[in-house]
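J.: Here are the chains, one letter per residue:
Protein chains: 2
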Amino acid sequence: MSLLVVGTVALDSVKTPFGEARDVLGGSATYFATAASYFTRVRLVAVVGRDFPEEHLRFLKTKEIDLAGLQILEGQTFRWRGEYGFQLNEARTLETRLNVLERFLPILPASYRGSEMIFLGNIDPVLQQEVLSQVEKPRLVACDTMNFWIEGKRDELERTLKQVDIVIINDGEARELADEANLVTAAKKILSNGPKTLIIKRGEYGVLMFNEKTAFAAPAYPLEAVFDPTGAGDSFAGGFMGYLTQSGDLSEAGIRRAVIFGSVMASFNVESFSLDRLRRLTRREIDDRYREFGRLTSFEDLKAI
Amino acid sequence: MSLLVVGTVALDSVKTPFGEARDVLGGSATYFATAASYFTRVRLVAVVGRDFPEEHLRFLKTKEIDLAGLQILEGQTFRWRGEYGFQLNEARTLETRLNVLERFLPILPASYRGSEMIFLGNIDPVLQQEVLSQVEKPRLVACDTMNFWIEGKRDELERTLKQVDIVIINDGEARELADEANLVTAAKKILSNGPKTLIIKRGEYGVLMFNEKTAFAAPAYPLEAVFDPTGAGDSFAGGFMGYLTQSGDLSEAGIRRAVIFGSVMASFNVESFSLDRLRRLTRREIDDRYREFGRLTSFEDLKAI
Chain A
7 MSLLVVGTVA
17 LDSVKTPFGE
27 ARDVLGGSAT
37 YFATAASYFT
47 RVRLVAVVGR
57 DFPEEHLRFL
67 KTKEIDLAGL
77 QILEGQTFRW
87 RGEYGFQLNE
97 ARTLETRLNV
107 LERFLPILPA
117 SYRGSEMIFL
127 GNIDPVLQQE
137 VLSQVEKPRL
147 VACDTMNFWI
157 EGKRDELERT
167 LKQVDIVIIN
177 DGEARELADE
187 ANLVTAAKKI
197 LSNGPKTLII
207 KRGEYGVLMF
217 NEKTAFAAPA
227 YPLEAVFDPT
237 GAGDSFAGGF
247 MGYLTQSGDL
257 SEAGIRRAVI
267 FGSVMASFNV
277 ESFSLDRLRR
287 LTRREIDDRY
297 REFGRLTSFE
307 DLKAI
Chain B
7 MSLLVVGTVA
17 LDSVKTPFGE
27 ARDVLGGSAT
37 YFATAASYFT
47 RVRLVAVVGR
57 DFPEEHLRFL
67 KTKEIDLAGL
77 QILEGQTFRW
87 RGEYGFQLNE
97 ARTLETRLNV
107 LERFLPILPA
117 SYRGSEMIFL
127 GNIDPVLQQE
137 VLSQVEKPRL
147 VACDTMNFWI
157 EGKRDELERT
167 LKQVDIVIIN
177 DGEARELADE
187 ANLVTAAKKI
197 LSNGPKTLII
207 KRGEYGVLMF
217 NEKTAFAAPA
227 YPLEAVFDPT
237 GAGDSFAGGF
247 MGYLTQSGDL
257 SEAGIRRAVI
267 FGSVMASFNV
277 ESFSLDRLRR
287 LTRREIDDRY
297 REFGRLTSFE
307 DLKAI
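Sequences listed follow chains A and B, in order.
The first sequence begins at 7 in my numbering and counts up one residue at a time.
The second sequence begins at 7 in my numbering and counts up one residue at a time.
In case anyone wonders, no lab produced these hints; they're calculated from the structure.
Treat each hint with caution, since some may be false.
Just so you know, same-sequence chains aren't split out, so a pair can sit in one copy or run between any two.
Using 20 Å as the maximum straight-line C-alpha spacing, the simulated EDC-like pairs for lysine to aspartate or glutamate come out as follows [unchecked claim]:
{"no.": "1", "residue 1": "K194", "residue 2": "E277"}
{"no.": "2", "residue 1": "K69", "residue 2": "E108"}
{"no.": "3", "residue 1": "K219", "residue 2": "E136"}
{"no.": "4", "residue 1": "K67", "residue 2": "E218"}
{"no.": "5", "residue 1": "K21", "residue 2": "E164"}
{"no.": "6", "residue 1": "K195", "residue 2": "E230"}
{"no.": "7", "residue 1": "K219", "residue 2": "E298"}
{"no.": "8", "residue 1": "K168", "residue 2": "E142"}
{"no.": "9", "residue 1": "K195", "residue 2": "D177"}
{"no.": "10", "residue 1": "K21", "residue 2": "D255"}
Chain A on its own, in the form it takes in the complex (with noise of 0.2 Å):
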């Protein structure tokens, strides 16, 4: 199967209390690029400036990201600038200029049209629906949104969750876009509007999923250094999203073992600044790290009770 991204790439200048970076490799679509492209080939849709670092257009196509679909123009990379505190859940953004993401208008060259997998990350909602209406045939639709297009363009989102199997938010915008402070009943009331399933991300504390019939909990990896959480949900929706294409099962199982793979890949992610833990990640530490998730969360499988 083929697997489509569209979303941002950016250059992050980014402060946490372990150090700083400055106009790094950053943006959704590059960590969710970086993190699939160890399950899969990805087809990336973005825009960039003519400021954009050869380097890193060379960095995403050592890792066989398909770049048709990136558009260069004139004028200047997006830049997002943030900060973290100890508390490293959540990040203060201190300046976003939007550049060329402010013309940006996808659209997907004739090789892309057939992708039977798409992840619309985080961008304003009229794009996520116009992304869609240039796909054939799509057999799974994923998205992430955020707080700003929740308040700004709620109609044209439930558009766009209407269109989407399955949703993969944060918390607080659970709580937000279902005006509910229950996560249970939020995520009810999210799934009648359309989603087949939704997948509620908790940073330090994990990941819940919830279909009509089950939930589904999984720990997040307890980790003594995290440096950068910088791209966690990005990575995280990456490694589901790429596992699910190369596994191709889309059943319930499927789909749970795509969240801890998802988890794996977030869990690398922020042992460093930027993408340089994601960037030098080999398949087998991939795997022994999904085993340790086994070894973290089991608790019948050791003896009959």
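Once you've looked at the hints, dock chain B against the given chain A.
T.: This is chain B only, laid out in the frame that chain A set:
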């Protein structure tokens, strides 16, 4: 095996966004013993005043809780008044009246001294040690504590910790005890000072358990209606120690299963005010929810990867 608990028996007044209860049965030893009573007989060490309602004593007896160690002193029973906001994870204490608790000196009846499983509830660490000095040869000792003792009686608390096998505290307490923000690092530090196992309660985010070699993560049961979190931690400890006492299996596997039984009891407890839900449980409901925890967390035994 035999299980002994020392802690408080209280009359609580609690306000949550969903209602209010005045002078209802509460206290760490009460929640612990009631939860544990579904697995084993419990020997209780605590104090109440002459005003303590006879009906509560009758209730504890219906759960076959041994009250030989319950002192009834002249004066009023310990009272706690608190409230919760919509963020149900943390209680705001409005009033604490120690009353007879100020004069509490735990004295173990002769029939208690051979107890093998000991839970030292959240009381003055000096009193925790007093209890330990009166038991002959415990097989396993677990304890709870709180910020008040971490800040006010650190030396005495550290002396207690050197004598216990398992510490059961919440994430804020673990961070404060270790003076360390990262939970994994905090756990290592706490384990280097005595206890073999550390269980960190994280409310709606479940439980993390650490020993020298492994980590275990258990989610909280996703509930649509959380009415009153009071006693959740003590119900957890009661289910945990109750199951360990019943099974006698103190292996890693046995302790992991005990964590799930603890989580089951905590999940029931928060469904109603005071002990209203714990009172009327059946062992079958408990075992059913235990199995639901299996469905909630499994990803590997569904099918080979």
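J.: Of the hints stated earlier, which fail here?
T.: When the structure is compared with the hints, numbers 2, 3, 4, 5, 10 turn out to be violated.
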